[in-house]
Every structure is written in C-alpha cells, then in structure tokens.
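Note that the working numbering has the sequence shown beginning at 1, numbered continuously upward.
No wet-lab data here; the hints were simulated from the structure. Treat the hints with care, as some may be off.
To be verified - When the alpha-carbon atoms are kept at most 30 angstroms apart in a straight line, the in silico DSSO-like pairs for lysine-lysine are as follows:
hint: 1; residue 1: K248; residue 2: K75
hint: 2; residue 1: K248; residue 2: K107
hint: 3; residue 1: K107; residue 2: K75
As the list claims (entries may be wrong) - The calculated label-pair distances, taken between Cβ atoms and stated as ranges, are:
hint: 4; residue 1: F93; residue 2: T181; range: 34 to 40 angstroms
hint: 5; residue 1: S32; residue 2: V102; range: 23 to 29 angstroms
hint: 6; residue 1: V209; residue 2: E55; range: 37 to 43 angstroms
hint: 7; residue 1: A221; residue 2: D120; range: 21 to 27 angstroms
hint: 8; residue 1: A145; residue 2: A251; range: 36 to 42 angstroms
hint: 9; residue 1: P141; residue 2: E182; range: 16 to 22 angstroms
A virtual CB, placed ideally from N, CA and C, is assigned to each residue, including glycine.
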Amino acid sequence: MATLGFIGSGNIGTAVARLAVAAGIDVVLSNSRGPETLAETVTQLGERARAATPEEAARAGDWVMVSIPLVAYRKLPVAALADKVVLDTSNYFPMRDGHIEVLDSGKTTTSELVQEHLTDAKLIKAFNNIMDFHIPALARPQGAADRSALPIAGDDPQAKASAADLISRLGFDTVDAGPLTESWRFEPETDPYTAPYFTDPEAVRAGWVALAEAIRSGAPAQMPPSDDPGVPLPAARLRTLLADTPRKLTADRALA
Numbered sequence: 001m002a003t004l005g006f007i008g009s010g011n012i013g014t015a016v017a018r019l020a021v022a023a024g025i026d027v028v029l030s031n032s033r034g035p036e037t038l039a040e041t042v043t044q045l046g047e048r049a050r051a052a053t054p055e056e057a058a059r060a061g062d063w064v065m066v067s068i069p070l071v072a073y074r075k076l077p078v079a080a081l082a083d084k085v086v087l088d089t090s091n092y093f094p095m096r097d098g099h100i101e102v103l104d105s106g107k108t109t110t111s112e113l114v115q116e117h118l119t120d121a122k123l124i125k126a127f128n129n130i131m132d133f134h135i136p137a138l139a140r141p142q143g144a145a146d147r148s149a150l151p152i153a154g155d156d157p158q159a160k161a162s163a164a165d166l167i168s169r170l171g172f173d174t175v176d177a178g179p180l181t182e183s184w185r186f187e188p189e190t191d192p193y194t195a196p197y198f199t200d201p202e203a204v205r206a207g208w209v210a211l212a213e214a215i216r217s218g219a220p221a222q223m224p225p226s227d228d229p230g231v232p233l234p235a236a237r238l239r240t241l242l243a244d245t246p247r248k249l250t251a252d253r254a255l256a
C-alpha cells in the first residue's frame, strides 16, 4: 500500500492529506509539536491516517511532503529522508523567515537551499503556488475537461515522474518547469503564483500590495478570500505563464 508522509501538517499538508486518503493512499502526519496534537485531524481523516514524529513520517513515506516555514528547514531529518522523493512546498517570506542573502540576491532558490541540506533526498518543488483552500476545490479526476495543473521542478527525472504520478492521483495535472534552478518561476508573486487559480486574479495581485501597505502601517491585514471557489488553470495556460514570468527577487516583491 502506498504511503505519503507529511512533515508539517498545517493547512497545505492537511488539504493534500485529505486528497490522498480519498485516492486510497495511506498518510502519516507529523508536526513540530508532537503526534498527540494531531489526534483530531487523524480522526477526521479516518483509518488510512496516523500521526508520528517527523522522522517516523519520513521513513514511512513512499513520498514525503515537507510543508514547514522555510526558516525551519535545517531541522528536517537528513538521514530519514535519504533516497526519498520529497515534495517541497516551501516559500521564502523574509518578514517571517528573516533575510537570507543567497535568496535575496537570487544566487539560489528556496528548494535548492533545502536540497543542499537534504543531500541525498530527491527534492521536487510542488504545491507551493496554490492556496490551501483551492487544493480541494480544484482537484478533479484524471481526464476531466476542467482539470487544473500544478508546476513541478526537480533535478532527478525519475523522482519527477514519481511526483507527477502522485499529484495526478491527487487530482491535478503537472507541468515540468525544469530543474530546481528554474523553480523561481513559480515562487511568490510570479505570474503562476496563486493568482491564476482565483476567480479575479488582478484583485488578488492588488491585494498583495494592499496587504504589504497594511503590514508596514500597522493596519489590520486582509488575506485573500478563502471562500473563493477557484477557476481551473489548464496545463497549456500554466506552461505559458511559467515561460513568460519575470523573476521576482525580494526587492521586486510587494510582500517582502
């Protein structure tokens, strides 16, 4: 039986876990606070789910999803993730993670940084460019006319194929964005990042600017509406967005 392990079981991890269980995949959840804190989530997910420590989740998974703040990436269990296909959902937000010079300057990408730590893992960047509430809303069976696509990037062709197969089972097509050096193409505020899955993409982009201004001024911050039903993003359209997007370094972003 296939198993998907999770290191980090927040909104993204839980949304993906629900799709995995529905697809007949066992899930092993973990977080930084201990398995007992996931009891309610495990109960909701049913008999295919259990909670464990991050190392146990890593060892149990045929694939492992890492969904933690980037600032915590050095806590990932290197030995337990060796030779694993690791789906990395991380994004870099200096206001949360602190400034990291090699990311601010564009010398490397977030997933390359994580890959440097997980030396023997097979890292695939995935699920970082879609809001958690759009994951269940836009998942569709294989062959559905309104199926959405997600970008992936990675350096290992076999791992990339394995990740694409998993993501297909979860309800999405994939578009190969290239190696990890090209994963900047779907990092925050690039053209493929979150907005294209919203019913009003331009309003979302304007919201990033308003949110940044609110944070700077100390005013109440308004996040994108979580009741947005989403719109399908076909693979062909995603491919165009990936090819045409300019790079967004920290200095170029509204939310830095």
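Evaluation of the provided hints:
1. K248 / K75: OK: K248 and K75 at ~27 angstroms, within 30 angstroms.
2. K248 / K107: 13 angstroms, holds
3. K107 / K75: With a Cα-Cα distance of about 22 angstroms, the restraint between K107 and K75 holds, given a limit of 30 angstroms.
4. F93 / T181: 34 to 40 angstroms: 21 angstroms, violated
5. S32 / V102: 23 to 29 angstroms: 24 angstroms, holds
6. V209 / E55: 37 to 43 angstroms: The hint (37 to 43 angstroms, Cβ to Cβ) holds, given that V209 and E55 are roughly 41 angstroms apart.
7. A221 / D120: 21 to 27 angstroms: 40 angstroms, violated
8. A145 / A251: 36 to 42 angstroms: With a Cβ separation near 41 angstroms, A145 and A251 satisfy 36 to 42 angstroms, so the hint holds.
9. P141 / E182: 16 to 22 angstroms: 29 angstroms, violated
Of the numbered hints stated above, those contradicted by the structure are hints 4, 7 and 9, listed in ascending order.
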